[in-house]
Amino acid sequence: MIEDPRSKMIRYITVYVILTAGAIVMMVPLLWTVSTSLKTRDKITIRRLELIPDPVAWENYPYLFEARPILKYTRNTMVIVVASLFGAWVPCTMAGYAFARIPFPGRNIFFGVLLATMMLPYVVRLIPLFLFFDEIGWTRTFGPLILPRLLGHNAFYIFLYRQFFRGIPDDIHDSARIDGCSEFGVWWRIFMPMSRPVLAAVSIFAFSFAWNDFLNPLIYLGSNKELWTLALGLNALQGFEGEDNSLNLIMVFSMLMIIPMLIVFYFGQKHLISGVTAQGSLKG
Amino acid sequence: MQASQKTLRTQHETTWKLRMQEWWFRNRALIGFAFIFPWFAGFIIFDLLPFMYNLYLSFTDYQIGTRGIPPWIGLENYIEIFTDDKLFGKSMYNTVYYLGFSVPLRLIFAFLIALILNLRVRGMELYRTLFYVPSVVPLVAATVIFAGFLNTRYGFLNQFLVLIGATPVRWLSSPDAIKPSLILLSLWGFGGQMIIFLAGLQSIPEDLYEAAAIDGGTGWQRLIYITVPLMTPTIFFNLLLGLIGGFQIFEQVFILIGTNGGPLQAGLVYMLHVYNKAFRDFEFGYSAALSVILFLIIFVLTILLVYTSNRWVFYGDSQDDET
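Taken in sequence, the protein lines are chains D and P.
Oh and the first sequence: position 90 is 90 in the numbering used here, straight run, nothing missing.
Count along the second sequence from 1, add 284, and you get the number used in the numbering used here.
None of these hints come from the bench; they were simulated from the model.
Cβ atoms here follow ideal geometry from the backbone N, Cα and C, with glycine treated the same way.
Take the hints with a grain of salt, since some may be wrong.
[As the list claims (entries may be wrong)] Restraint-style ranges between C-beta atoms, simulated for each label pair:
# : chain 1 : residue 1 : chain 2 : residue 2 : range
1 : D       : P169      : P       : F566      : 30 to 36 Å
2 : P       : L333      : D       : K225      : 27 to 33 Å
3 : D       : G137      : P       : L359      : 50 to 56 Å
4 : P       : S458      : D       : Y63       : 30 to 36 Å
5 : D       : K8        : P       : L580      : 49 to 55 Å
6 : D       : G185      : P       : L389      : 21 to 27 Å
Produce the complete structure using the sequences and hints provided.
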């Protein structure tokens, strides 16, 4: 079927118009955030649309560090992030490796259990876990937030690893074992280095889930300001002092939470796609 | 002399390796368990026991002052929920309203934009990034941004509406606008689903389209007979996760309109009701019963979706079937 060049042209233009309009709509909230974060106090309460800040108040950024314990929030968030990454790298890969490569008895049953927990909504565990941690005196500490992460309590990561490890050819595994490599050695010296794409994808997930977590820190750390994370700090800034005249500082804080995520996603972009395609293999 | 020593050593090494190998083989059950042990311990502590204890709690009257074993009250919590709790129906209605719009709209947007981006137009990477970036914004930040963006007086949206001569809306303080605002916020993050669709679209074999083109299939026919059927597993996946996630919407509402759910409680979603009962009123038994009901709804819905999926989800035929 030969297409008339003019209708082809029209189609191209339509595509670009749709894409550009859509992209603008999607970017407007972010542009507005950047712009508001750079406005002076009296400019944010002007009831007229003004996208380009005049004057540009760069001082809002250093000011927020004075007004709020941002570094403390960041350190507290990083504690959770590090625990999360450790869990994603060690116990989760080990479990994924065992499910993919070690034929131990009952493996399929355990794997079924793993899949079932992926469907278990968080809400049915919320109250018992809170009561349990309260009983052992762990509320107002990092304990309830770190312990599950250190144990690699995330079925989704284990599932992604298993899918990836299954794709590694048997020969590599066999020849390593014939050379006398232990299962531990195969996992650590052969599978881990080969798994960079899936490790990168899972690390991005682990980082962003820990960075974004709100409900758990709220329940366990809400009453202990010393251990507040960035998410809790931002919520407090907007909730309790969310007067309209601190809108610029709220947006500065938002930018501080967004920028690290953008950096992580920028560098992990191509691995993320492979992680996502591994997700797609759910259908298989 | 030297040579035989070498052989001896090699032999020694070989037997040692063989012995190791045998040991690993004999103990593979043990090793397998050792490898999954951390996860399994986590499963017992953080999944199984809490799940069972939650079920038990839902039949008790566990409140803040309760000491020792919480008193067993049978189905009383459940009876109260269904007969006496006005907020149960209200919060369920709000949640389903939110879901009913946000889930399908997000699916449609994500799918359509992914289709357009898959046309391999020039500058596709840039557009893909622009559509994807909002879904990378941390949820708390996204919500706070929307709180400002939708601010009645100083937010962008109303100022823009005024600029083009439309009437501004009290997005977060009028009962009619709260749920649409939440839906708007959820639509802003459609990029995650879009990327999954895009990955799915790019894995459709090119030769299918070529064959269709040779047979004179139009673009529309290719979409309906090739793309959509091959994408049904991805659509199913996104639909299921969207529904499960949508039922548990919490953070956005908590931050945007607070725990009481705003004027006329138009924004009181189900999870907020669960949260209030547990962490504001300290009626843990009652709240546990509410959470069990949510679990059952999600469970039944998942089963129904999976069960009906064989009717519309196309799980690619194997190579042999095609020939």
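Whether the CB-CB distance between D:P169 and P:F566 falls inside 30 to 36 Å: violated (56 Å)
The hint says 30 to 36 Å between P:S458 and D:Y63; measuring C-beta to C-beta, is that right? holds (34 Å)
Should the hint that D:G185 and P:L389 are 21 to 27 Å apart at their CB atoms be regarded as holding? Between D:G185 and P:L389, where Cβ atoms are some 51 Å apart, the hint is violated.
Indicate whether the distance between the beta carbons of D:K8 and P:L580 respects the range 49 to 55 Å. holds (54 Å)
Indicate whether the distance between the beta carbons of D:G137 and P:L359 respects the range 50 to 56 Å. violated (33 Å)
C-beta pair P:L333, D:K225: status relative to the range 27 to 33 Å that was hinted: At 31 Å between Cβs, range holds.
Figure legend: structure checked against the earlier numbered hints; hints not met, in rising order: 1, 3, 6.
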